[in-house]
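If you read the protein sequences in the order shown, they are chains A and B.
For what it's worth, this note's numbering labels the leading residue of the first sequence as 1, then goes sequentially.
For what it's worth, this note's numbering labels the leading residue of the second sequence as 1, then goes sequentially.
Just to be clear, a hint being listed does not mean it is correct.
[Said to hold, decoys possible] Simulated pairs of lysine to any residue, SDA-like, Cα-Cα distance not exceeding 20 Å:
(1) K116(A) - L41(B)
(2) K22(B) - E48(A)
(3) K10(A) - L41(B)
(4) K84(A) - E48(A)
(5) K163(A) - I52(B)
(6) K145(A) - D18(B)
(7) K152(A) - D18(B)
(8) K152(A) - G34(B)
[What the hints assert, rightly or not] Which chain A residues face chain B? A few, computed with CB under 7 Å, are given here:
(9) L6
(10) T28
(11) E74
The set of hints was computed from the structure by calculation and includes no laboratory data.
All C-beta atoms in this analysis are idealised placements derived from N, C-alpha and C, irrespective of residue type, glycine included.
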Amino acid sequence: MNSDFLEILKRLTKADVSFVVIGGFAATVYGCTLVTQDIDICCKFSPENMLRLQKALAGLHPVYRMTLNRKPLELTPDTIEGLKNLYLDTDLGTLDCISFVEGIGDFEQVVKVSRKIETDGLTMNILTIEALIQAKEAMRRPRDKQAVIQLKAIREQINRTGK
Amino acid sequence: MGQNSQRLSIESVPSQVDSLLKECPALAEAARYGVDIPLLLDNLHRSVSRRIHRHQAALNAMNQLRNARPL
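Generate coordinates for the entire structure from the input sequences, incorporating the hints supplied.
So this is what it looks like as structure tokens:
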């Protein structure tokens, strides 16, 4: 089955999950030409929010992609406690949920440096381009270097043209 | 006439990029790094929706190629 990141985001939004789009997909939204294999979100790891996320993914066969036997996602209030990240594979693509963004902070901090965008009938929060650059630089991963260079060039064009 | 204007517009692309590179240090840095600047600028002229759909199409094509069986 083909992946469909937009459909995953629509499901999360419809289920009222609190999240902010971060990472390579946010870079795509700003115009970066690199192709990302997964969608990264920062979300509130409260039991209520994570159970809403689980409900949103119901029917997409979500599994823990980092475990050897790819166990199905089965969250309970008890298992959510102490959880920091969730790395999932679903029928519509890979979804990584994290509670803390390097260079920015926890979900509450991430929300403060996010903005709303509307596309394809979907309204969602994504990191501002400034925060995205900050987060990618803070991770110091060689593979992020080109994304940072592109994002800085994009930011320059946005500032130049006002768009 | 049509051919002339088409030729002019094609030839004008590199000069437009060249002048942008002189004015925009971050864009020039991206060019030095090897980023395809016309591709990046084209993408900036697209709507968010088009960017997302084109990205999805590219990812799905990559995954199909990855799963292809050698004959």
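The hints, checked one at a time:
Under the criterion of a C-alpha separation no larger than 20 Å, the hint pairing K116(A) with L41(B) is inconsistent with the structure, at around 23 Å. Restraint check for K22(B) and E48(A): the C-alpha separation of about 52 Å exceeds 20 Å, so the hint is violated. Proposed proximity of K10(A) and L41(B) is contradicted: the alpha carbons are some 28 Å apart, above 20 Å. The suggested pairing of K84(A) with E48(A) holds, with an alpha-carbon distance near 15 Å, which does not exceed 20 Å.
With a CA separation close to 18 Å, the supplied pair K163(A) and I52(B) stays within the 20 Å bound. A distance of roughly 23 Å separates the Cα atoms of K145(A) and D18(B); the hinted pair therefore is violated under the 20 Å criterion. Distance hint between K152(A) and D18(B) is fulfilled; the C-alpha atoms sit about 18 Å from each other, no more than 20 Å. Restraint check for K152(A) and G34(B): satisfied, since their Cα atoms lie roughly 14 Å apart, inside the 20 Å limit.
Annotation: L6(A) was flagged as interfacial toward chain B, and the flag holds, the nearest CB pair being 6 Å apart, inside 7 Å. A distance limit of 7 Å between C-beta atoms decides the matter here; for T28(A) the minimum to chain B is near 5 Å, and the interface restraint holds. Evaluation of the E74(A) hint against chain B yields a violated restraint, the C-beta minimum of about 27 Å exceeding 7 Å.
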